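There are 4 protein chains.
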Amino acid sequence: MNVPEKMKAAVLTSPNTFEIQKVNTPNPGPTDVLIGVETCAVCSSDVSLIAKPWVGQPPYGEFIPGHEYAGRVIEVGETIDEFKVGDRVAVEAHLGCLRCINCRRGNYTACLNYGNTKKGHRANGFTTNGGYAQYVVNHVNTVHRIPDSLSFDEASLLTNLGCVLYGFETIGGYIVGDHVVVVGPGPLGLISVQVAKALGAGRVYLIGTRESRLKVGGDIGADLVINANEEDPLKAIHDETGGIGADVVVESSGGSGALQMAIQMTKRMGKVLLLGVPHEPVLLDLENLLQENKSIHTVRGEGWANCARAVSLWSSGKVNLKSLVTHSFPLDEISEAFETFTERIGGAIKVVVNPSRD
Amino acid sequence: MNVPEKMKAAVLTSPNTFEIQKVNTPNPGPTDVLIGVETCAVCSSDVSLIAKPWVGQPPYGEFIPGHEYAGRVIEVGETIDEFKVGDRVAVEAHLGCLRCINCRRGNYTACLNYGNTKKGHRANGFTTNGGYAQYVVNHVNTVHRIPDSLSFDEASLLTNLGCVLYGFETIGGYIVGDHVVVVGPGPLGLISVQVAKALGAGRVYLIGTRESRLKVGGDIGADLVINANEEDPLKAIHDETGGIGADVVVESSGGSGALQMAIQMTKRMGKVLLLGVPHEPVLLDLENLLQENKSIHTVRGEGWANCARAVSLWSSGKVNLKSLVTHSFPLDEISEAFETFTERIGGAIKVVVNPSRD
Amino acid sequence: MNVPEKMKAAVLTSPNTFEIQKVNTPNPGPTDVLIGVETCAVCSSDVSLIAKPWVGQPPYGEFIPGHEYAGRVIEVGETIDEFKVGDRVAVEAHLGCLRCINCRRGNYTACLNYGNTKKGHRANGFTTNGGYAQYVVNHVNTVHRIPDSLSFDEASLLTNLGCVLYGFETIGGYIVGDHVVVVGPGPLGLISVQVAKALGAGRVYLIGTRESRLKVGGDIGADLVINANEEDPLKAIHDETGGIGADVVVESSGGSGALQMAIQMTKRMGKVLLLGVPHEPVLLDLENLLQENKSIHTVRGEGWANCARAVSLWSSGKVNLKSLVTHSFPLDEISEAFETFTERIGGAIKVVVNPSRD
Amino acid sequence: MNVPEKMKAAVLTSPNTFEIQKVNTPNPGPTDVLIGVETCAVCSSDVSLIAKPWVGQPPYGEFIPGHEYAGRVIEVGETIDEFKVGDRVAVEAHLGCLRCINCRRGNYTACLNYGNTKKGHRANGFTTNGGYAQYVVNHVNTVHRIPDSLSFDEASLLTNLGCVLYGFETIGGYIVGDHVVVVGPGPLGLISVQVAKALGAGRVYLIGTRESRLKVGGDIGADLVINANEEDPLKAIHDETGGIGADVVVESSGGSGALQMAIQMTKRMGKVLLLGVPHEPVLLDLENLLQENKSIHTVRGEGWANCARAVSLWSSGKVNLKSLVTHSFPLDEISEAFETFTERIGGAIKVVVNPSRD
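Protein chains in written order, with our numbering: chain A, 1205 to 1562; chain B, 1205 to 1562; chain C, 1205 to 1562; chain D, 1205 to 1562.
Hints in this document: simulated from the structure, not taken from any laboratory.
Check before you lean on any hint, since a few could be wrong.
You can't tell identical chains apart in this list, so a pair holds if it fits in one copy or across any two.
Unchecked claim - Here are the simulated DMTMM-like pairs of lysine to aspartate or glutamate, each with C-alpha atoms no more than 20 Å apart in a straight line:
1. Lys1522 with Asp1427
2. Lys1522 with Asp1423
3. Lys1439 with Asp1427
4. Lys1322 with Glu1537
5. Lys1322 with Glu1286
6. Lys1256 with Asp1489
7. Lys1288 with Glu1435
8. Lys1439 with Glu1266
9. Lys1322 with Asp1285
Only a predicted model underlies this, so the values are computations on that prediction, with no experimental measurement involved.
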């Protein structure tokens, strides 16, 4: 395929400032794939890292963010037979160094050489260039073929779905018949509702305050939505579970009191899966956690190859995230895309950028 | 409720011989429930134990077999508030002693005091009286309320569904996107197909020889059925999985060469779940098992409270075992029921007896 | 054996007030053992519950606390063949109801019928009478035979050792070569040091402020003790682990900043085992927990039959808790015992009461 | 360091025939380490693969076997800061491709690209050159620094110790207080005895027929050795465990009836760890396995980075394998070394070759 030497990319030039530039198109190494980006979705971590650089982030003027993307294979490295030119693909963000003790045990999203590119670590969109560009290079481990039935816009949410699956695998992965509460109807929360149902959860409850998102939650499969502005969620879960509490509570709101509430509404011996990061330190009463033998689990990224499982779930039709992609913009309008996402303009849930659109 | 002093029961009086007798209706103890049996299904272990008594089985003339049953709560013991008279319920077979080290760790179907009724162990239909009778007493741990949408005939298969779920939990419980092969389209095999799909398996393959049962397997959700009389199953799975093999192979046929085949078609690091018991010792080449880091798992009964999960799965409509119950008989015709089951008369899969029918 | 009708017991008559009374000696039921108490140790939960009653606690004037005890079998219930009169035994506190979903899955210390004696739950010293008495009745599940090599005073710490083992099993149980930090050299912390070494941990670090207890920690097996008054523990662990952090951090101090410190010094993907309860809500920055894929685990009591494992470890000589029992008192001086424990008079670590001593 | 262009190596030139040749010294790539081999131990898989090539093995005349070795770092690749020249090291054999789904999940000894060097897989001594030479190149993932207290001869057994640890981790890793039976006092069996003790097993039984090796087993820590020529091992274990059976049975003899015996002597719900490969298919009665809910686990190689744990265990003095290395030879006498090993001349257990000795 004819790859141009220069490509269009959104380069982060200073805090919260993207500049659309012509830069060199990257070349794939022996274990890499060159992807022509069709869609790159805006993630709340993008919002955070363009405001203030994260650990390992390249300097202003050199860095192209964006870690949630999908597109077409344009070129493959010399050892690659897993993909061929033209394949429709989506990606995950984290390539570990593959040599530290965490990577060796399969925990590559918790790589101990995070940001050390010399040793092989890459996290496209975090420590190496990402998808707000026409082309991007990915290590073979981070690329997944997607079915024709899946649009690039929806497929760009792969890391989201992979992350939620990784979360459920982290807490045991077997939740048939369990009561699952999801706090916070943001993208990860809404996906958690779908995944919980797909894994056979008994009853799935969604707690939030924004009526429009709660409605999406109901459409997407929640058995009961609870508007915390209208009723006490703790009492509601207590009543729904016969006073026992939920087997699993997924806290994805990042609200300051949400973790405390999540702990309280978890059953004895139950598990809290923490997906939302509070911006400030939170005040936490730990007595109930200890007295009732509960645990708090977190996940970084989309580990243990759960993106492969995610693609399978999508292919089977058991999850459908179309309704989450509410807005799309050309690459030139990336700033509008970010504003739409952060300000939730027009009921925005996930906002995507389409670098291939001109 | 008015409980008669005498009830009708099928008493095992000698090998393979049932006698319909009038016997004393049992009384529930403080932690028990008295159930009026609507349906009791014939299991292949029934066929085995009526031919030759199993360990811990009561003597001829005193024993009422039958461990797969459903019915209505007639009376409850003095500590029971989990159930009330009139509840529609189904049961599991194994009540552990609740005091041995296995029971204390939750492994009650592997109770170390199996058959020791003095110490509290009961396995209705194996070591204590079961469901081929109008009434039966069950410890509260072994009783599950069922939804109105579920017929007693279907609900009598609770232990089957619980056993398969226990099997999947035993091998990790998290199979999203995995390739699963099921060998043998008997009741447990067909249920395994449904459970694998309900847990999010990627592709489910069913291998058998009986065309009528393979058809049921396709209807019930298998992505591909393979008739071993027509093609080489090992080659078929090899081709379907790109030469890699299946993540999980459920062997439920009990065929003499089936375990060897199951091992060969399992992926490196994959798992074999053995649900079928070969009647004779089998010849096994273990080299591949070791070279490729595979494991063989078994389950006894329906452990780890998986019957509760089973009821949830049923309630959600994700499994539907109606088509497996092919024949039903009144209690008086229990011998015909067994014959229909063992001879597979009329394409019999599961055959049930209805003690309440007169 | 000749059991007197009346026995001496320390009855809790009002907040923080014990009265030594003559009360009826209890009778063992069919699944119980009557124990003649030789030693009952003071636990910090005793201090808490005599000040303000815990959930499910019997009323003042009727309740005999004490849950850490050892003694001799005096009488056995009619189904008991696990023990015989004269056996030297120690106990665990929690008997679940054995019928709720948690108990059925082996999680009896998280029984959903906690405090419901009608349904079978007992927690001697919490919801039913305990060991600050000459005699006490225990269900067979909660009794363990101890070797002659083990004194009653040391054996009274069984629940402590069982609890720590349960904690290590909860976080995976396999820590060969791992770096383990223990925060807080109280009884559970010091036992954690020994258990970590006994399970093959690579390096065990103990952090505290009280020089005398840190010295015990060194004697008992810690590879390095860190006095937080003299150096920055976070920096020390950072340096010792090459900047990576510890695989496991056991927080047993209950200090207000301790959990935050524990999280910070844990490796990516590492685990915090929380054994100490802060008295007040703590302020917690969760960002590092999420960014680095860490988890927080707690344990209630001495679950999963770990007391049986504890006795084995003691018998092998791999743990030795003699040095933790620093003071003993006759039952009549129980108030002095509590004062010695809470005020840490004479460097008290564990303080015991000997009801058999007169 | 001055590395000669040519080195001495034992090249496999035809079945069972080594030729000592001068060949090119290999060069380390960017992620590699060049090791000067001090000791390379003979393994029974060497005996098998020199007789008949294994899958992926290089052709006669080009292949240097040997996968159990230790030595000194001579040169490091450009990205290496984990090691420096002069470090004393030992190795593991398996480097996965690091890109297949098994490798990504940490299961690199079960790499799906086994033998595919283009994709990055290497297994020194199996599919790439090994340690029967003066120098060898290892990927950084497969190299471990060893303490000065450990001789090269003992350290060459690293994969053995790593394999046994991997086996114990595979069956859960937490065996405190458990009864463990080891069948077969070969190298892996004897190491299993030590590892079981180091992990806190309650009682460890060793079964064999060769008195001299059983004696080593007793010296190395077995609580009881059982000579199968003198007593019935099944009865012995039955009696020792009060009729319950062992929690874990490690079968490392490869004997034709050994797996059947191992199954029978395992407790209900217990686990068989199969380390020995029978040369011929074995006849197996599976009924007990199923009725009693047992499982059979195997391991390939020394996975999940257990070699790092192995080095820690060695450093702590908790295992000591010195007595297993019974014979050593210079490289020139490699054929004598193999003969000594296979014929067990002079009571040989492990036989090593020392390429640095002249």
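How the hints compare with the structure:
{"no.": "1", "hint": "Lys1522 with Asp1427", "in the structure": "both (16 Å within a copy, 15 Å between copies)"}
{"no.": "2", "hint": "Lys1522 with Asp1423", "in the structure": "both (14 Å within a copy, 18 Å between copies)"}
{"no.": "3", "hint": "Lys1439 with Asp1427", "in the structure": "within (17 Å within a copy, 44 Å between copies)"}
{"no.": "4", "hint": "Lys1322 with Glu1537", "in the structure": "neither (34 Å within a copy, 43 Å between copies)"}
{"no.": "5", "hint": "Lys1322 with Glu1286", "in the structure": "between (25 Å within a copy, 13 Å between copies)"}
{"no.": "6", "hint": "Lys1256 with Asp1489", "in the structure": "between (31 Å within a copy, 18 Å between copies)"}
{"no.": "7", "hint": "Lys1288 with Glu1435", "in the structure": "neither (54 Å within a copy, 31 Å between copies)"}
{"no.": "8", "hint": "Lys1439 with Glu1266", "in the structure": "neither (51 Å within a copy, 33 Å between copies)"}
{"no.": "9", "hint": "Lys1322 with Asp1285", "in the structure": "between (25 Å within a copy, 11 Å between copies)"}
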